[in-house]
Amino acid sequence: MYRISSRSQPSLALPARNLTISVTLIIVASLCCSSSRYGDFVFDDSEAIVNNEDVREAPLYQLFQNDFWGTKLSHKHSHKSYRPLTILSFRMHYWFKGYLDPTDFHAVNIILHIIVCIMTLFIFEILLDWKEPQISFWAALIFAVHPVHTEAVAGLVGRADVLCGLFMWLSILSYYKCIHSDSFIIQYNCIVLCIMNSAIAMFCKETGITILGVCIIYDLIIVNKVLPTDILEVLKLRYSWNDVKRFYEIKSAFVIRITVLVLAGVLLILLRFIIMEFSKPTFKPVDNPASFIDNLYLRIVNYNYVYCLNLWLLICPVWLCFDWSMGCVPLINGIDLRIGFVILLWLSFGVFSICIFSNRNSQLIRYILMSMAVLIIPFLPASNLFFKVGFVLAERTLYIPSAGYCLLLAIGLKQLSANVMYPKIVSASYCALLIVFFARSWMRSSQWKTETELFQSGLNVCPLNAKVHYNVGKNAADRGLTNYAKLKYEEAIKLNPDYAQAMNNLGNLYKDEDAYDKAEELLSKAVELQNNFAAAWMNLGIVLSATNKYEEAEKSYITAISQRNTYPDCYYNLGLLYLSKKEYDKAFKAWEITIKQKPLHRRAWINTILLYDNMGKREKSLEVAKKALLLIPRDPSIHFNIGNILGKKGSFEEAEHHFKIAISEEPNNPSYYTNLGVLYHRWKKYKKAEIMYKKALILNPHSQTAKENLNKLNNIKLKTII
Numbered sequence: 100m101y102r103i104s105s106r107s108q109p110s111l112a113l114p115a116r117n118l119t120i121s122v123t124l125i126i127v128a129s130l131c132c133s134s135s136r137y138g139d140f141v142f143d144d145s146e147a148i149v150n151n152e153d154v155r156e157a158p159l160y161q162l163f164q165n166d167f168w169g170t171k172l173s174h175k176h177s178h179k180s181y182r183p184l185t186i187l188s189f190r191m192h193y194w195f196k197g198y199l200d201p202t203d204f205h206a207v208n209i210i211l212h213i214i215v216c217i218m219t220l221f222i223f224e225i226l227l228d229w230k231e232p233q234i235s236f237w238a239a240l241i242f243a244v245h246p247v248h249t250e251a252v253a254g255l256v257g258r259a260d261v262l263c264g265l266f267m268w269l270s271i272l273s274y275y276k277c278i279h280s281d282s283f284i285i286q287y288n289c290i291v292l293c294i295m296n297s298a299i300a301m302f303c304k305e306t307g308i309t310i311l312g313v314c315i316i317y318d319l320i321i322v323n324k325v326l327p328t329d330i331l332e333v334l335k336l337r338y339s340w341n342d343v344k345r346f347y348e349i350k351s352a353f354v355i356r357i358t359v360l361v362l363a364g365v366l367l368i369l370l371r372f373i374i375m376e377f378s379k380p381t382f383k384p385v386d387n388p389a390s391f392i393d394n395l396y397l398r399i400v401n402y403n404y405v406y407c408l409n410l411w412l413l414i415c416p417v418w419l420c421f422d423w424s425m426g427c428v429p430l431i432n433g434i435d436l437r438i439g440f441v442i443l444l445w446l447s448f449g450v451f452s453i454c455i456f457s458n459r460n461s462q463l464i465r466y467i468l469m470s471m472a473v474l475i476i477p478f479l480p481a482s483n484l485f486f487k488v489g490f491v492l493a494e495r496t497l498y499i500p501s502a503g504y505c506l507l508l509a510i511g512l513k514q515l516s517a518n519v520m521y522p523k524i525v526s527a528s529y530c531a532l533l534i535v536f537f538a539r540s541w542m543r544s545s546q547w548k549t550e551t552e553l554f555q556s557g558l559n560v561c562p563l564n565a566k567v568h569y570n571v572g573k574n575a576a577d578r579g580l581t582n583y584a585k586l587k588y589e590e591a592i593k594l595n596p597d598y599a600q601a602m603n604n605l606g607n608l609y610k611d612e613d614a615y616d617k618a619e620e621l622l623s624k625a626v627e628l629q630n631n632f633a634a635a636w637m638n639l640g641i642v643l644s645a646t647n648k649y650e651e652a653e654k655s656y657i658t659a660i661s662q663r664n665t666y667p668d669c670y671y672n673l674g675l676l677y678l679s680k681k682e683y684d685k686a687f688k689a690w691e692i693t694i695k696q697k698p699l700h701r702r703a704w705i706n707t708i709l710l711y712d713n714m715g716k717r718e719k720s721l722e723v724a725k726k727a728l729l730l731i732p733r734d735p736s737i738h739f740n741i742g743n744i745l746g747k748k749g750s751f752e753e754a755e756h757h758f759k760i761a762i763s764e765e766p767n768n769p770s771y772y773t774n775l776g777v778l779y780h781r782w783k784k785y786k787k788a789e790i791m792y793k794k795a796l797i798l799n800p801h802s803q804t805a806k807e808n809l810n811k812l813n814n815i816k817l818k819t820i821i
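So for the sequence shown, the numbering used here puts the first residue at 100; every next one is plus one.
Hints are computed from structural coordinates only; laboratory data are not their basis.
For clarity, every value in this text was computed on a predicted model and none was experimentally measured.
Keep in mind that a hint or two might mislead.
Straight-line C-alpha distance at most 16 angstroms; calculated EDC-like pairs for lysine to aspartate or glutamate [unchecked claim]:
1) K548 with D203
2) K654 with E627
3) K487 with D386
4) K697 with D203
5) K747 with E764
6) K784 with E755
7) K487 with D393
Working from the sequences, and respecting the hints, build out all of it.
Dropping the structure here:
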């Protein structure tokens, strides 16, 4: 159902459109985020998607046992963010292609956003009781282009918010059908569907449960036309049992619906706590500094200042940053000019409340209250009111609340255009806002394409954020810009002297340069600050092992393993330590655990093969190599080592076969040509041996082995001639 209200005024600056034009314009507007289409996996995408076994190889049931980042919910370090259906959607990409293609992920995010934007039009129509198609259309258009959505759409982990929004809207549609159907069966099915959609939304992201609250407000304010003044009047009166009974007879359907939604909400929240095992996540002060302030007054002031920032991002989304922690929003610790914004926020809210209670236009009040409900209720889980959250401010949490803001803005625009002398100015201003928002969304989405652009943009918004400098440094290190990376890590540590992650990464850079003293100092400080930092313990073990401090290194590795149950890389490095100490049985055991935890750990397979070969156990070495090939059939190093072992045994033809596979997989490796040349040399196929040695020297002119063997071959040829 989509119709133009008979109460519409032709003179208004914001004309209504027909359905086809409206949907088309909304689709076009929602393409503002499509500049991220060919983006990479960036920032949190790496942890939630690329490095998350639940997205690729883990058993399907494990999705429902782990948090969003692939950590067991029962683990003490779990964030308790339970979003299995979002992870399932990621896994479907992997099933479809067999590998992780970021282009597909971005395309799906954009399509989902378009669907949500189209649905938003009809949701606004429902929330406004189908009486204001103008407001619904213009609000949906603002929603489609709002720049605050770019993180949720262009950032792949933001799919949790977009999917959650989709099923929240489906929940409202189901509830609307339940209210307006005359069939009991349809009513029953629709309210069940409403609850199911809210549950699905909750398993996409936790905030999905809040849609039940929006449905209750909709039923109360729009369907039953109850206003705040009515509630005050009711509270002043005393009712007898007969009065209550009479009310129930008149409004029985309403009471039953609300009761069912409340009970469903309680049960879903209880289910969520059961899944979490009634434990709460552990956050550090750097994640959300305001929540760790002991002074209640200052804590409340800081929370309210963050609310001001969230509201400002909706009004003027100029400052957008991928991360708002670690000094991005300095704490208010005393007298501060920023307290004025908090006072202004509550003064505005107070004036707003007075206007609502004093305004006689009941329809306008209902629309405003409904908009406020959509703005506030989905934001409550991120508000710190009920529990601490692990962030200061996150733009993607505003994906659904922004719908309430857009509706409020459209209502205000209609009221303004109906009460000004030149309504076309309002229309022109609105169109300009759409263009600016579209351009800003397009630019911001393109910044999410690569980590280099994204992190650099963060420096412009939050230069005091240590995490931004850390990520810029990490990205620079990945690109080989070691000196710049060091500067950024040092800046991060300067801004946050307790930044263990930055110390770990900086220590790794010094380790790679063999500056072991500096590396040890930084890594020791990192584990001192964060005793459960498994990666730092492992890296410290590598540094200690490199400086022959074997006992200390072994303790570091064991500590790392104790902090992370599944840690194949650490077991691998522990195996290298035992190899250095010539404790071969322990080395084999460590690599066996490595392979068990990560069957595709090629270095553990190769080292096991080589160690057996060096110990003279060639049959055992070949047995292990064949097992490795079952899992990694085209790995060049494994084929190369098999070729070497078979060559020593005199199985020349079989060895040649494996050398050729190694070369086909890695044609620029001079060692492969050299060793195949040695095989031909021993096989007395001197012509082929000469070709292989020369190819090796083309790739590596300084290869002494190839030069010496080629000289030997030339001597043989000379003797043959003589």
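Structure-based check of each hint:
In summary, the hint linking K548 to D203 is supported, as the alpha carbons are separated by about 13 angstroms, within the 16 angstroms threshold. Distance check on the hinted pair: K654 and E627 sit about 15 angstroms apart at the alpha-carbon level, within 16 angstroms; holds. In summary, the hint linking K487 to D386 is supported, as the alpha carbons are separated by about 10 angstroms, within the 16 angstroms threshold. In summary, the hint linking K697 to D203 is not supported, as the alpha carbons are separated by about 27 angstroms, beyond the 16 angstroms threshold.
Straight-line distance between C-alpha atoms of K747 and E764 comes to about 23 angstroms, which puts the hinted pair past the 16 angstroms bound. Pair hint K784 plus E755 holds up; C-alpha atoms about 12 angstroms apart against a cutoff of 16 angstroms. For the given pair, K487 sits about 14 angstroms from D393 by alpha-carbon distance, which is consistent with the 16 angstroms threshold.
Of the numbered hints listed earlier, those contradicted by the structure are 4, 5.
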